[in-house]
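Chemist: Residue numbers (this note's numbering), protein chains in the order written: chain A, 577 to 1027; chain B, 20 to 331.
Keep in mind that the hints were calculated from the coordinates and are not lab data. Being a predicted model, the structure only gives us computed values, none of them experimental. One or more of the hints may lead you astray.
Below, a list of computed lysine-lysine pairs in the PhoX-like style, where the Cα atoms sit at most 20 Å apart [unchecked claim]:
1) A/Lys1024 <-> B/Lys80
2) A/Lys840 <-> B/Lys187
3) A/Lys840 <-> A/Lys783
4) A/Lys933 <-> A/Lys979
5) A/Lys969 <-> A/Lys886
6) A/Lys896 <-> A/Lys833
7) B/Lys80 <-> A/Lys861
8) A/Lys1009 <-> B/Lys187
These are the residues of each chain, in order.
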Amino acid sequence: MDRKKLSRRDFLRMGALTTAGAALVACAPPPAAQPQPAPAKATEAPKPAEAKPTAAPAAPQPVSLTIWTFGSFFTDFYKKIFPKYKELAPSVDLKVEEIQGAQMWDNLTAAFSAGKGAPDIADIEQGAMSRFFKGNISLLDLGDSMKTHTGDYVMARCDPYSYKGKIYGVDHCLCPVVMFYRWDLFEKAGITMPIATWQDFKTATVKLKDQGVAAISFADRGWADYHMLLTQGGTGGFFDEKGEPIFDSPVHVDTLKWYVDMIKNGLAIPTPAGAAAYAALGEGKIASQIGADWYGGFLKNNIKDQGKGKWKAVPMPAWKTGGSRTSANGGTGYTITKQSKAPQEAWKFIEWALFDKDNKYLEYQINGLLPPIKSMLSDPRYLTPDEWFSGQKLGELYLEMAKEQPRHNRSPYFTEATTLINDAVFGAVSEGKPAEVVLNNAMKELRKQMA
Amino acid sequence: MSVRTVDVGHSAAGRPARRHLPRYALERRVLPYIFISPFFILFAVFSLFPLVQALYYSTMKWTGGSDMTFIGLRNYINLFDDPVFIQAVSNTTYYAIGAVFVIQPIALMLALVVNSQLVRLKSFFRVGVILPNLTSSVAAAIMFMLMFDHSYGLFNQGLLALGLPPAKWLDQDLVKFSVLLVAAWRYVGINMLYWLAGLQSIPGEVYEAAAVDGANSWTQFWHITLPLLRPVGLFVLVITIIGTFQLFAEPSVLAGGGPKNASLTIAMYIYRAGFQFSRMGYASAMGYVLAAMIFALSLAQVRLFGSRADGK
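Isolated chain B (complex conformation) (with noise of 0.2 Å):
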């Protein structure tokens, strides 16, 4: 059996104590940094290691050869300048906005719908409403595509049967509508299964005893549903602009980001710079940005409705 020495403290005449312990010992100590450390050593590689090496590469004119030239906050300063940038934040901040304001609260109102005591079969639209975010994002666009052509489009066959002209769904002035429509279809169902837990977490007696003191329903869910929901949608609302802010592929395959980069996304001018354009130093600097913009957004959610859904 090896034996290991080890410091144990000082004796209480001051001098070091040693101690020899049996090597199981010694393995017992560093036996459960081995266990986590697959994580760390994952997490080194593949997330911590490529933001320190994107850093180092917004700072370079890099063509992803090896021709690296140090340009400093070059590719940051000329972010500002760049028109097509300023575009893909406002289109971007347009899709957040509605998928704020649009997808959620219809999200929310399929939630208390399919919660409510008068619905029955609720597994199957539960099943039925997840089942577009199932499917293939670039298949839908495809398909939504198709629908919003304007000679043949499903759409516009149904505008014409109303008497109504068609619309031009993927010109300027109406794709990125389109595309929160594509994203609506998508994403609804799992941001009502989101609030459809937190709802489900409200205790029943609390609207007993709100019944009892003569609460009608809207009462009951303007005073207790929505503020016990507070948490739940302080969740939905970070992850709704965590995802909206790297949207991708509806924009892409409906639209390819145009017409004039109408419907162009933060991360679609990224994938743009860097792998269409070889600006690799100036696509890593644009996603640094992204990241402080929704690191930021985050922060500001969490510490202005944080503090509320947890009461204090």
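Just chain A, same shape as in the assembly (with noise of 0.2 Å):
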């Protein structure tokens, strides 16, 4: 190669070793997030501060915490409460940042993959939470941190973010699910609400599909409505206490036969998609649904004064007598990352944010959503009567399905295992193949994708 000209041949192989240079290096593997110094483990969450007695404290270093959102209800509740936490924390400089919908889980993994970028503080949706528990959990464990809250939180919102016995993720809100129902249709049906258990309710319905009217609904192509089932049965879900996934069971083979012998009999029809769906409600063609309390603030949205002064809520009807009457559906957690530089003044800020009473009313009245903790649910500012819902005062049904609410199981695989439940559920409502035989081949395949 002749050093003093720059042959063209020679600019392209130097711009190609240096490229095949850069690749190399980059194809390493990313250097394991290095959790940051704690007082306690380096993968937990710091614990509460103790009092010490002293002398006059160093001042505080300057903190930022950043904050990954994916909606503008959080972020609205973020923005109003920034400024009295600075006066509590002046050291402490928070910024929120809104990614909407599945883009956020996306650049989360992006960031958790390249070992940097992520904020100190993720609010992860709960559908969304298993992708991050696969391999090393870039997430800090909050279970030391919330060992001061079990009294008082409910701690099955912890559910969703906790696997194997750790807890990653504490959510905002309660989502106790009831039913939901047109009061003027069931009287005219001459059904009294609420109605024991569901074999009561698939008999006495009977007289709603007399008239026409669809008692209930239920997705014929999803899992969200036979989770939510077979959750208030105590199943634990999908999976085991250990992540064994459980759906193949006699308890979930009954619960999907039931579901598709409401659908197939006409008590239930399968929900329309989309907009079609509160039409029907609106219209008086499905008569009761199920869902979590923000799905009363959809139903009131959508339907407006169309269903203004119809609607009433009722603990859902039990698998058996005593049983419980409620279930959970939907729920976002506050999770803090491996990657934080302040984990302690991350902890600090959620605790904050959660379990003051005035910050947690602000939240409701910026979304809806009603705290998952208990004291906080007899307060009069939750009580109010609803005039949308015929006057009804709905926290205090959510106040005693908080002390119901059952436990649930996750696991790395869930979102595998709804993908496949979706394709079950699919198969024995509108193919008409047998529960048994849709539940087998779905864990056979999830076994598959497991190993």
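Dock chain to chain to rebuild the complex, using the hints, since each chain is given by itself in its own frame.
Modeler: Okay, structure coming up:
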């Protein structure tokens, strides 16, 4: 090579060598995320600080905390409480970044893979949580931090964010599932609510079918309704405590058979997609729907005046007398990433945002999400009558349901399981395949994916 | 003025001759490369490097964290044993065939109509037909999802008005057709423009000569228009295959890839495997297989139709 001249070939050769070198360097696995120093173990979130007697403490170091969230209903809440927190902790600077929807999970995945770029605090929706349980978990265990709150916090709300006994997230909200129903249609059919069990519901709602109204709707190609019913029954959902799939068990098969039976007998109809569902509910073609408290908000906002004064809510019918009359659906958890340089400060902010009653009421006003904290639920502010729901004090119902919310289990393969259950439900409901066959096939496929 | 010494070859005596060049001459040699380097740097960083890295990841079992295990070609072998991947390939092929044999003939027909002497306000029709392509694919798919609804959708209301039974547009039997319908609405316009450009490049004298020889419209279309459109046709065919094999938004929004993966495409499955199931290595392998399929199909098309397009 003539070193004095730079030919085109030489230039391209240098470019290729540089690129190859960069590729080799970058192909090395990223370094494991280094947990930040904390008073406790590196994989645990910091314990609550103890009061110490003393000399004047050193001036706190300035700390900057970044929060990633995915919806304006959280962003608005954070922005409203940041000034208050600044007064309490002047050395802490808070910043919230809103990344819409699924993009946020992708960004988090990329940040965890790269080993940098993740926020201190991430709001992770419960359905997206399982992907972050795979491999080395990049979130801090908040179990120790929550120990002082277990008496008051509804611990079932940590279940979507827990794996193998460790708690990686703490939910913003209670998400109690109830049955929203058209009281006028039920009254016209001569059915008294609430109904004690699902078997009684099946028997009683024949009268609605005779009037050309579907008693309830269930998804024909989705897992959520089936999961709510399973969890209500105390099955733990799709997985056991060790994270092993259990949806080929007799109770899972029987629940799906009951579900299919309701639709086959015309007592339930497949839930229409999107806006059509609200149209059907608004027109009285479907007389009831199970859903979390936030779903009540969706009903109100989508059916609007057409449904005002016609809806009420009652506990779900239980699977057996004395059994749980509620379940859980949805939720968003506060998490602290291992990349946080100030996990202690991050937890302090979360603790203040979550366990301060005025903060929680402010959040309720912004996004309608009830606090998962038992002592707060009896706050009169949550017990006001709701005109749309025929003047009912829904807060009283939710307070009662908070005591019964069943626990369930999650797994790193929850997303895979829900994808397979979607197909199983569709197979059973729309294709008429036996429940045990579709669930068995789903189990086999999931075990293959877990291998 | 700084001076560099540069070898300029050999003297008549066979010894290397050196000539002192001024600095600006050296800069003249280097500057062009500096000016073209941004493209190469960007290409290397954003195209070549991710390609190489994806190939590396495709040989790994990797969830996206720091735990990576080398498994060689296992991901590629597992792909061909994966019924969901096979179904995704089958669905994608359906869309590609539909795009080539349904969307393109409609686009060509529209181009012929817009190009004809009988149609006035050609610009208005050109703009009107291209408008769907300018809308957000997600917004369009949401709109179609509402129209496809079984109970309240516009299409079923139309069928009922005609005395026909409502169709389950988003069920297993019809979901792929529904996706194709949305794709047709969205992409016919841009393809029409490609065909139109081809039609307008055909000299009018050829048609005049044919008319003088007694050729009717159909004969002119079959023996003049189509053969002369072959280069444009090849281009359209290649980009149609490339675009269809990367279809994502429409089937994802309309049906989530379901029911039971009936509308799932390869691109959707790559996203699902990588970002929902955290199987990054597997998704990388799928990406390479998709790229290989697109490359093979494009090469086959160029080989089969390209030589005829060149008239060789």
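Chemist: Determine for every hint whether it applies to the structure shown.
Modeler: The hints, checked one at a time:
{"no.": "1", "hint": "A/Lys1024 <-> B/Lys80", "verdict": "holds, 15 Å"}
{"no.": "2", "hint": "A/Lys840 <-> B/Lys187", "verdict": "holds, 17 Å"}
{"no.": "3", "hint": "A/Lys840 <-> A/Lys783", "verdict": "holds, 16 Å"}
{"no.": "4", "hint": "A/Lys933 <-> A/Lys979", "verdict": "holds, 19 Å"}
{"no.": "5", "hint": "A/Lys969 <-> A/Lys886", "verdict": "holds, 14 Å"}
{"no.": "6", "hint": "A/Lys896 <-> A/Lys833", "verdict": "holds, 16 Å"}
{"no.": "7", "hint": "B/Lys80 <-> A/Lys861", "verdict": "violated, 50 Å"}
{"no.": "8", "hint": "A/Lys1009 <-> B/Lys187", "verdict": "holds, 19 Å"}
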